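Q: With the hints as extra help, turn the sequences into a complete structure.
What follows is each chain in one-letter form.
There are 4 protein chains.
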Amino acid sequence: MTEPNNKYVLTLTCAERPGIVHAVTGLLLKHHGDIRELKQHDDQRSGTLFMRIEFEVAESKEIAAEVAELEASLGQLAEEHEATWGLRPTGQKKRVVVMVSKFGHCLHDLLFRARMGELPVEIAAVVSNHPDHRQQVEWNGIPFFHIPVTAETKPEAESKLMDLVERFEVDLVVLARYMQVLSDDLSRKLTGRAINIHHSFLPSFKGAKPYHQAFERGVKTVGATAHYVNSELDEGPIITQRVQEVDHSFEPEHLVAAGRDTECKALSDAVRWHYEDRVFLSASRTVVLR
Amino acid sequence: MTEPNNKYVLTLTCAERPGIVHAVTGLLLKHHGDIRELKQHDDQRSGTLFMRIEFEVAESKEIAAEVAELEASLGQLAEEHEATWGLRPTGQKKRVVVMVSKFGHCLHDLLFRARMGELPVEIAAVVSNHPDHRQQVEWNGIPFFHIPVTAETKPEAESKLMDLVERFEVDLVVLARYMQVLSDDLSRKLTGRAINIHHSFLPSFKGAKPYHQAFERGVKTVGATAHYVNSELDEGPIITQRVQEVDHSFEPEHLVAAGRDTECKALSDAVRWHYEDRVFLSASRTVVLR
Amino acid sequence: MTEPNNKYVLTLTCAERPGIVHAVTGLLLKHHGDIRELKQHDDQRSGTLFMRIEFEVAESKEIAAEVAELEASLGQLAEEHEATWGLRPTGQKKRVVVMVSKFGHCLHDLLFRARMGELPVEIAAVVSNHPDHRQQVEWNGIPFFHIPVTAETKPEAESKLMDLVERFEVDLVVLARYMQVLSDDLSRKLTGRAINIHHSFLPSFKGAKPYHQAFERGVKTVGATAHYVNSELDEGPIITQRVQEVDHSFEPEHLVAAGRDTECKALSDAVRWHYEDRVFLSASRTVVLR
Amino acid sequence: MTEPNNKYVLTLTCAERPGIVHAVTGLLLKHHGDIRELKQHDDQRSGTLFMRIEFEVAESKEIAAEVAELEASLGQLAEEHEATWGLRPTGQKKRVVVMVSKFGHCLHDLLFRARMGELPVEIAAVVSNHPDHRQQVEWNGIPFFHIPVTAETKPEAESKLMDLVERFEVDLVVLARYMQVLSDDLSRKLTGRAINIHHSFLPSFKGAKPYHQAFERGVKTVGATAHYVNSELDEGPIITQRVQEVDHSFEPEHLVAAGRDTECKALSDAVRWHYEDRVFLSASRTVVLR
Numbered sequence: 063m064t065e066p067n068n069k070y071v072l073t074l075t076c077a078e079r080p081g082i083v084h085a086v087t088g089l090l091l092k093h094h095g096d097i098r099e100l101k102q103h104d105d106q107r108s109g110t111l112f113m114r115i116e117f118e119v120a121e122s123k124e125i126a127a128e129v130a131e132l133e134a135s136l137g138q139l140a141e142e143h144e145a146t147w148g149l150r151p152t153g154q155k156k157r158v159v160v161m162v163s164k165f166g167h168c169l170h171d172l173l174f175r176a177r178m179g180e181l182p183v184e185i186a187a188v189v190s191n192h193p194d195h196r197q198q199v200e201w202n203g204i205p206f207f208h209i210p211v212t213a214e215t216k217p218e219a220e221s222k223l224m225d226l227v228e229r230f231e232v233d234l235v236v237l238a239r240y241m242q243v244l245s246d247d248l249s250r251k252l253t254g255r256a257i258n259i260h261h262s263f264l265p266s267f268k269g270a271k272p273y274h275q276a277f278e279r280g281v282k283t284v285g286a287t288a289h290y291v292n293s294e295l296d297e298g299p300i301i302t303q304r305v306q307e308v309d310h311s312f313e314p315e316h317l318v319a320a321g322r323d324t325e326c327k328a329l330s331d332a333v334r335w336h337y338e339d340r341v342f343l344s345a346s347r348t349v350v351l352r
Numbered sequence: 063m064t065e066p067n068n069k070y071v072l073t074l075t076c077a078e079r080p081g082i083v084h085a086v087t088g089l090l091l092k093h094h095g096d097i098r099e100l101k102q103h104d105d106q107r108s109g110t111l112f113m114r115i116e117f118e119v120a121e122s123k124e125i126a127a128e129v130a131e132l133e134a135s136l137g138q139l140a141e142e143h144e145a146t147w148g149l150r151p152t153g154q155k156k157r158v159v160v161m162v163s164k165f166g167h168c169l170h171d172l173l174f175r176a177r178m179g180e181l182p183v184e185i186a187a188v189v190s191n192h193p194d195h196r197q198q199v200e201w202n203g204i205p206f207f208h209i210p211v212t213a214e215t216k217p218e219a220e221s222k223l224m225d226l227v228e229r230f231e232v233d234l235v236v237l238a239r240y241m242q243v244l245s246d247d248l249s250r251k252l253t254g255r256a257i258n259i260h261h262s263f264l265p266s267f268k269g270a271k272p273y274h275q276a277f278e279r280g281v282k283t284v285g286a287t288a289h290y291v292n293s294e295l296d297e298g299p300i301i302t303q304r305v306q307e308v309d310h311s312f313e314p315e316h317l318v319a320a321g322r323d324t325e326c327k328a329l330s331d332a333v334r335w336h337y338e339d340r341v342f343l344s345a346s347r348t349v350v351l352r
Numbered sequence: 063m064t065e066p067n068n069k070y071v072l073t074l075t076c077a078e079r080p081g082i083v084h085a086v087t088g089l090l091l092k093h094h095g096d097i098r099e100l101k102q103h104d105d106q107r108s109g110t111l112f113m114r115i116e117f118e119v120a121e122s123k124e125i126a127a128e129v130a131e132l133e134a135s136l137g138q139l140a141e142e143h144e145a146t147w148g149l150r151p152t153g154q155k156k157r158v159v160v161m162v163s164k165f166g167h168c169l170h171d172l173l174f175r176a177r178m179g180e181l182p183v184e185i186a187a188v189v190s191n192h193p194d195h196r197q198q199v200e201w202n203g204i205p206f207f208h209i210p211v212t213a214e215t216k217p218e219a220e221s222k223l224m225d226l227v228e229r230f231e232v233d234l235v236v237l238a239r240y241m242q243v244l245s246d247d248l249s250r251k252l253t254g255r256a257i258n259i260h261h262s263f264l265p266s267f268k269g270a271k272p273y274h275q276a277f278e279r280g281v282k283t284v285g286a287t288a289h290y291v292n293s294e295l296d297e298g299p300i301i302t303q304r305v306q307e308v309d310h311s312f313e314p315e316h317l318v319a320a321g322r323d324t325e326c327k328a329l330s331d332a333v334r335w336h337y338e339d340r341v342f343l344s345a346s347r348t349v350v351l352r
Numbered sequence: 063m064t065e066p067n068n069k070y071v072l073t074l075t076c077a078e079r080p081g082i083v084h085a086v087t088g089l090l091l092k093h094h095g096d097i098r099e100l101k102q103h104d105d106q107r108s109g110t111l112f113m114r115i116e117f118e119v120a121e122s123k124e125i126a127a128e129v130a131e132l133e134a135s136l137g138q139l140a141e142e143h144e145a146t147w148g149l150r151p152t153g154q155k156k157r158v159v160v161m162v163s164k165f166g167h168c169l170h171d172l173l174f175r176a177r178m179g180e181l182p183v184e185i186a187a188v189v190s191n192h193p194d195h196r197q198q199v200e201w202n203g204i205p206f207f208h209i210p211v212t213a214e215t216k217p218e219a220e221s222k223l224m225d226l227v228e229r230f231e232v233d234l235v236v237l238a239r240y241m242q243v244l245s246d247d248l249s250r251k252l253t254g255r256a257i258n259i260h261h262s263f264l265p266s267f268k269g270a271k272p273y274h275q276a277f278e279r280g281v282k283t284v285g286a287t288a289h290y291v292n293s294e295l296d297e298g299p300i301i302t303q304r305v306q307e308v309d310h311s312f313e314p315e316h317l318v319a320a321g322r323d324t325e326c327k328a329l330s331d332a333v334r335w336h337y338e339d340r341v342f343l344s345a346s347r348t349v350v351l352r
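Protein chains in written order, with this note's numbering: chain A, 63 to 352; chain B, 63 to 352; chain C, 63 to 352; chain D, 63 to 352.
These are calculated hints, taken from the structure and not from any lab test.
Check before you lean on any hint, since a few could be wrong.
Put simply, identical chains are the same to the list, so a pair is met inside one copy or across any two.
Heads up, simulated DSSO-like pairs for lysine-lysine below, C-alpha to C-alpha not over 27 Å straight-line [stated by the list, open to error]:
no., residue 1, residue 2
1, 101, 69
2, 92, 251
3, 251, 268
4, 327, 216
5, 123, 92
6, 216, 268
7, 164, 327
8, 271, 101
9, 251, 156
10, 271, 327
11, 155, 101
12, 271, 92
13, 155, 271
14, 222, 123
15, 164, 268
Since the model is a prediction, treat every value here as computed from it, not as a measurement.
A: Below, the structure written as structure tokens:
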């Protein structure tokens, strides 16, 4: 799907106060930006405003010049309000590195959705601590980096990863069942730029082998949680969760199999919403303007 | 739950053109309306704009006077843009007449939700073509009207109904498994003011005995559809649909039982969203700004 | 719905070994029991067999005599295999005591389903530590007992409860949002005979105020868990779980409201399956032969 | 996952009469078959019995000989009762031909699940009326046959297909978004041996472009239906259905995208249950013993 290049997404978040929506829409009006969809939410506890606007610049205009001026004006407005903001064309793909270990279903799902154009991303590289998925990745025309990790080599491995993130000018790191815990340091560096899929409905069953924990507890639903990585294991802000009904006949290995679909779906939804600029961090939670 | 009286919902729909959001938020700013949540959607096919804003008027202000001025200004703006609009305090309950036949589960569900304060409605009266539910309705302190309907008495019965709608100053008629087809004339009078629950996932299984039709076809899901009434049977704009998985062991009477929960949930969601001013008619569809 | 009295449900559980199904179906054949549905599951870890059979006794037979003989033969077979078993007519309602505190939605839901004949139970009594629901319960023709509980009076209150359980010859105690923790002693006495609804998808958010815990963690689904009570708080064997999607706009009080429907549904499903003899205890888990 | 070769699935369906379960389990007992799971259902309208048994033959026995004798005895029993039956080792993969047109998501999903061992099938060949997916199929080591279809060449194309079905000794044909209507003749030949995925919750939106039909009707859920092919278009017995919530913001192309996941899941579930011998035809419906 080729997108016309006059469509933009504007996001803005700042301390809540009257007049922000009016001011921003005033700038859009001045620069011939016609709003297609606007969503704005106030988080009342923290007093924070979150806003996302899809708009089109009238075709007859000098689009590049208009947008440049709009950008300058927005920057000024944002400075006054100490706002965090972003403006980007909707057609523009972002670049992602996918990290994976032995379980390949999420990787495979992301590769297919990216190839189909269903996910607005370009997978710039795949990194794994196992060599298993090289062939499949390279068949998709994507470079594959095998970076083994042991307790001793972890700092070195993480440093290689950050090199790749910089070299490929990557916007997001997707941990698609990457079974290594990132160091505090790397987690901090990747704050808001790394999405992990955990194979349980957090906060149930943190840590290792969640499906086996779920079996022991005898739950009747299993789930998957896509969340931003932070420095506490399985404690990062949740973007989305999906669950699936199970019953007594599911042994742990059946739970593992049953969970694959929910994992793929939760992770790809999270990545899509991130790339559509719908997800905002709000302390330990997320605001998702769908 | 008593609501503070400085919270309002503003809705507006008109032909799409640049500057509307800016103009409306300008009026809010002028009259000390602080936006809590704003959702705006353009339907690109029809070129129609739909907008819903929750806002609070600053407590320190003369709220009634501010809102009166805002109302006047909005009226003027709406006239210029040939917009349909509404402004009302969020704490204000609307008045509803519920119509029912023999199956009482949706009625019962609505009575309970209204009593709990979960549904922002006041059930002003219940009308039925059967006497069965009188005791339960009256126990809730609500007047019950038994209006039998036969082919001959239908015009008269419908006229009685319209009398009640007017006498009780009712905003909405809820057909909670009312098993009589309304006349074209009455349907037209109630356009956008009557919600029906149909016990199938429309457009499958229109007309009578949908669960029996579903059984014959051997479907593996059954559903319920809440929709506005129009003059074509089971063809009105859909507000929401819910489904439930079933299997080969369900005889028609089990489908009927299984469907009760989905019917109750779909109908009460539709009524809530209607009363929260989230549902907009858009030709044969609805826009629901949740 | 009046049920014909020649339909029975037979349940049996014992250590797994060859020949059990053959032996039991042999007895049914001999006593003119015609099988309508048979479900049998082996739990391979514990080596336990679970079986549920719905059958009809041929109408032409002396049903009472046939069933009595069948019962005797089954008793003998069960003794040989050290099996736990049960045989009862499907039309026979069981008797239940419902316990409730201030939140009345689950109570209300159970009352309605029982009145409709949708739940095969007779609510023999309602017990509450608050007087709030007396009027509604008594309107349904059911005795209401107000038993306040404080730290000091708890033993006395529990003893009163057990008196009621015995006096009303109750088969099951349903904790329908009863906000008091049962003592170890009472929990033990009620093992396998008390179902609780917990308002989270356990094991997430055990203990008090789970929706507030869920809000703090920023989850995107909330849920409800129906489980048998045991002596560890919120650790009993799970019968069923239901979840519902939520988003950033849900404050704790909205989560509470959103969760009501899942709580009602999970609890009533659990009670129904229990009464249809579909739920078997298997150590810390349940086997549910639906 | 390599499966041990002493596990079997036995299926049997015949006119309902007393003693069948007893007789079959007697043969299993005699031939050292230990039942792991048994499910039996009577369809009371048609008076038909459906039964599925998973069992293991004791390891110490001459398994092949035992099973051969069991098979002979079952054959005799089946003849007496005019039963349809089957017996096969659970580890044995069945052979499938997948047919596809331009949309590749279901094909891709099946290829991955088969490769993972999650679907107990061997994809013997892929047939398409377009050349698009050749590369991907051949990368999986599976032969790809491009058989274009026009109004004139349809008989010839279908004859080629049947040749492949015979040549590859295929047990099932999977229409994975194959956008050609099969002839009556071919449909009849493939009765009970061809599964199609239709991209709506049938019987809504039969025929072409169901997502566009769904958009026009303004539905709030879209779905997918996996069903056996018969000679009436989109009228074959339904195996499973899945739905997904949508809203006003979904244009037809978004519905198409949103539906992909439900299509993949419904189709792969249907294929899995078919291969696990869980699906029985019962006139225009299916019985699925999960």
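Q: Hints numbered earlier in the text: which of these fail when held up against the supplied structure?
A: 2, 4, 8, 12, 13 and 14
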